Amino acid sequence: MEALLQTIGLAFTLVFQPYVLGVMLMAAIFGLFVGSIPGLTATMATALLIPFTFFMEPVPAIAVIVTTVAMAIFAGDIPGALLRIPGTPASAAYCDEAHALTLKGKAELALGTSLVCAVIGGVMGSLVLALTAPMLAEFAIKFSSYEYFWLACLGLSCAVTISTGSNLKGFVSLLIGLFISTIGIDITAGHPRFTFGSVEMMGGVSFIPAMIGMFAISEVIRYIASPNSITAPPQQGIKHVFRGIGATLSQYKLNVARGGFIGAIIGILPGAGADIAAWIAYAVSKKFSRQKEKFGTGHVEGLVDAGTANNAGLSGAWVPALVFGIPGDSITAIVIGVLYMKGMNPGPTVFLNQPELIYAVFIVFFVANLALLPLGFLAIRLSRLVLKVPRNILMPVILMFCIVGSFAINNTVFGISIMLVMGLLAYLMEENGFPVAPTILGIVLGPMLEDNFMSSMIKSDGEISGFFSRPIAAVLGILVVVVWVIPLLRFLYSATRSGKPTAP
Amino acid sequence: MRFNDAVFGCVLIVFAAAVIAHARTFPSLHGQAYGPDLFPTLISTGLIACGVALVVRGLISRQTVPMLTAHSWSGNRSAQLNLLFTVGSVLAFILLADTIGFIVLAIPIIILLAYRFGVSLLKAIVLSIVTALLIHFLFVRVLLVPLPRGLLQYFGG
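Top to bottom, those sequences are chains A and B. Straight run, no breaks: the first sequence in our numbering ends on number 504. Straight run, no breaks: the second sequence in our numbering ends on number 1157.
Bound-form chain A, shown alone (with noise of 0.2 Å):
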């Protein structure tokens, strides 16, 4: 007890040093920022940080990316309220609503309503993160490869399962990840794989530069595509935010808590983030309400299940990625990618010689939820005159700053090459239905799966049966099956049925 009490307070030196407390605030304003503009997403703003987070000290690093996506996520309600346009894919699920209710004239209630819920969730996804970690981790020291092995499997699995969009373009997305993993040194036998003689492309496809250019590069090109100019947001007194919030929390405290629930836990499934949270939080809301016939016509219900899940989801997201080291959704992703390239390998181990650090990252979500509270409210009086940026000037300048990003990683303009064909990958691939999300985690998780598959086959001497010798490993691995199974007997199912006849 002791000993932890020392660590929590080491964990609070680290974090509250004005240096890292400075760049949250910076990354706050830019979260919020980013996050308001319709169009451009907290992924995104997670990518155009990443260079950045690169010279930086893994607290600060993680601080800024925690702050930005807190901040960029409740920020996307703003314009799904005003405009009918999401912010970022996560407000997408209520943004009907919530702009329900402001044709209503409500638009203060919907806004304030979002605040409250994303801190409230943020908070909750927080304590959940902060509780379950660490004993995930005492339980995670004693996996070998052959565990490693099959979470990474399962994680993959889940990835393709959950995502939106159909599960046989999620398995093409998530193999094509797995592929680009493969290019560039072999691990076990140092072959060079698809490399075609180039000395840069050895050490495989550099993972900032292919970030930013699936995330930030593929917004840039859709923006071209397709200009819609932004319609001026209504004219409408939003002053008192918090007015009613009370009464409408207490009226709703279950669905708070509710949506809190399924956002954490969705968030910590491997592959599924705070947008299919929200999806399904306010689904959830819709179906076990006592007014269901109210929903979509600008009922707060939903808004609050919906507001809170996508917040939760968050900081669930970071439960397998810090304990296991597999992302829970495609942020979390590349803060894992930073992480390996900082030399702190995300994993039980950290819990064990560097708990320090793991405890700074659950202050960091703390510090930045509550911060929302008041810097969201500042964010909602100042919408009006953030919507009102043209994106024609801010894609320019988004473009030059994803180029020197990927520049700025190897100081070469090899990143710059990468960022434009990952960049051009991701477009094409959303435009046609395939999710961008497994692709991520393949390239992420690709090496996990090989080098454990390999080391663990050495192992055993070539024996696929070794897989299944430990009882965890063993029960990891037939989890994994009925993954892959269940999809596939859902599809049989409904083969079937729709082959005969409906009976009358």
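Incorrect hints may have been included.
Claimed, not checked - Over 10 Å on every C-beta distance to chain B, these chain A residues come out as not near it, computed from the model: (1) L10; (2) I29; (3) F30; (4) E57; (5) G197; (6) M201; (7) V241; (8) K253; (9) S289; (10) V389; (11) L399; (12) I416; (13) S469; (14) G477; (15) V481; (16) L488.
Unchecked claim - Per the computed footprint, the stretches of chain B lying under chain A, defined by three or more beta-carbons under 8 Å from a beta-carbon of chain A, are: (17) 1058-1068; (18) 1085-1093; (19) 1105-1111; (20) 1115-1121; (21) 1127-1136.
It is worth saying that the hints were derived from the structure and are not from the lab. From a predicted model like this one, the values you see are computed outputs, not experimental measurements. We treat Cβ as the ideally placed atom computed from N, Cα and C, and that holds for glycine.
Given the coordinates of chain A, work out where chain B should sit on it, guided by the hints.
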């Protein structure tokens, strides 16, 4: 640009087959059944399977989904040109950054793109200078990234 699934399926099959052919040239580890070719081969096998499924799906739906959907912007010359200019600017940066240098290259690129996106010329010029100097300050002075100086090195600036 939207394609019928069958087009994607064919591309994936050809790509995966090429990967497998190339992976067969990898050396194997001594005394090990599995070498560096295992994962690329497995991945490509999966891609071929998915590719076949996509082709089947695409052919079934070919009545409703044409092989290539002319997206709203394909008919829009201005959007096409913008895309061309954007990709071209990035390529130009890749090719010319070392000789011409960051600031001298970034300013015309931003002016061109901002102007193409509908910003007035004067605003675009101001925007380009402010952005280039801001990025130069952030990356060169704060993060100590050696952005290529190119032509400016002759001026000792």
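Status of each hint after checking the structure:
1. Taking the minimum C-beta to C-beta distance to chain B, about 28 Å, the non-interface status of A/L10 holds against the 10 Å cut.
2. Taking the minimum C-beta to C-beta distance to chain B, about 15 Å, the non-interface status of A/I29 holds against the 10 Å cut.
3. No beta-carbon of chain B comes within 10 Å of the beta-carbon of A/F30; the shortest separation is about 13 Å.
4. Look at A/E57: its CB is around 14 Å from the nearest CB on chain B, clear of 10 Å, so calling it non-interface holds up.
5. With a least CB separation of 13 Å from chain B, A/G197 remains clear of the 10 Å interface cut-off, as annotated.
6. No Cβ of chain B approaches the Cβ of A/M201 within 10 Å, the least distance being about 13 Å, so the stated non-interface status holds.
7. No beta-carbon of chain B comes within 10 Å of the beta-carbon of A/V241; the shortest separation is about 32 Å.
8. With a cut of 10 Å on Cβ distances, A/K253 stays outside the contact zone with chain B, its closest approach being about 45 Å.
9. Here A/S289 stays apart from chain B, with its beta-carbon at least about 36 Å from theirs, past the 10 Å limit.
10. Every CB of chain B is more than 10 Å from the CB of A/V389 (nearest about 12 Å), matching its label as outside the interface.
11. With 10 Å as the threshold on Cβ separation, the claim that A/L399 sits away from chain B is violated: the shortest Cβ distance comes to roughly 7 Å.
12. Residue-level check failed: A/I416 sits 5 Å from the nearest beta carbon of chain B, not beyond 10 Å.
13. No Cβ of chain B comes within 10 Å of the Cβ of A/S469; the nearest lies about 18 Å off, and the non-interface call holds.
14. The beta carbon of A/G477 is kept farther than 10 Å from every beta carbon of chain B, the shortest such distance being approximately 17 Å.
15. The non-interface label for A/V481 is consistent with chain B: the shortest C-beta to C-beta separation is roughly 16 Å, beyond 10 Å.
16. Every C-beta of chain B lies more than 10 Å from that of A/L488, the closest at about 13 Å, which supports listing it as non-interface.
17. With 0 residues having a Cβ less than 8 Å from any Cβ of chain A, the segment 1058-1068 of chain B misses the three-residue criterion, and the hint is violated.
18. Check result for the segment 1085-1093 of chain B against chain A: holds, 6 residues qualifying (beta carbon to beta carbon below 8 Å, three or more required).
19. Only when three residues or more bring their CB closer than 8 Å to a CB of chain A does the claim for the segment 1105-1111 of chain B stand; here the count is 3, and the claim holds.
20. Judged by the Cβ-Cβ criterion of 8 Å, the segment 1115-1121 of chain B is covered by chain A as claimed, because 3 of its residues qualify and three suffice.
21. For the segment 1127-1136 of chain B, the assignment as covered by chain A holds, since 5 residues bring a beta-carbon within under 8 Å of that chain's beta-carbons and 3 suffice.
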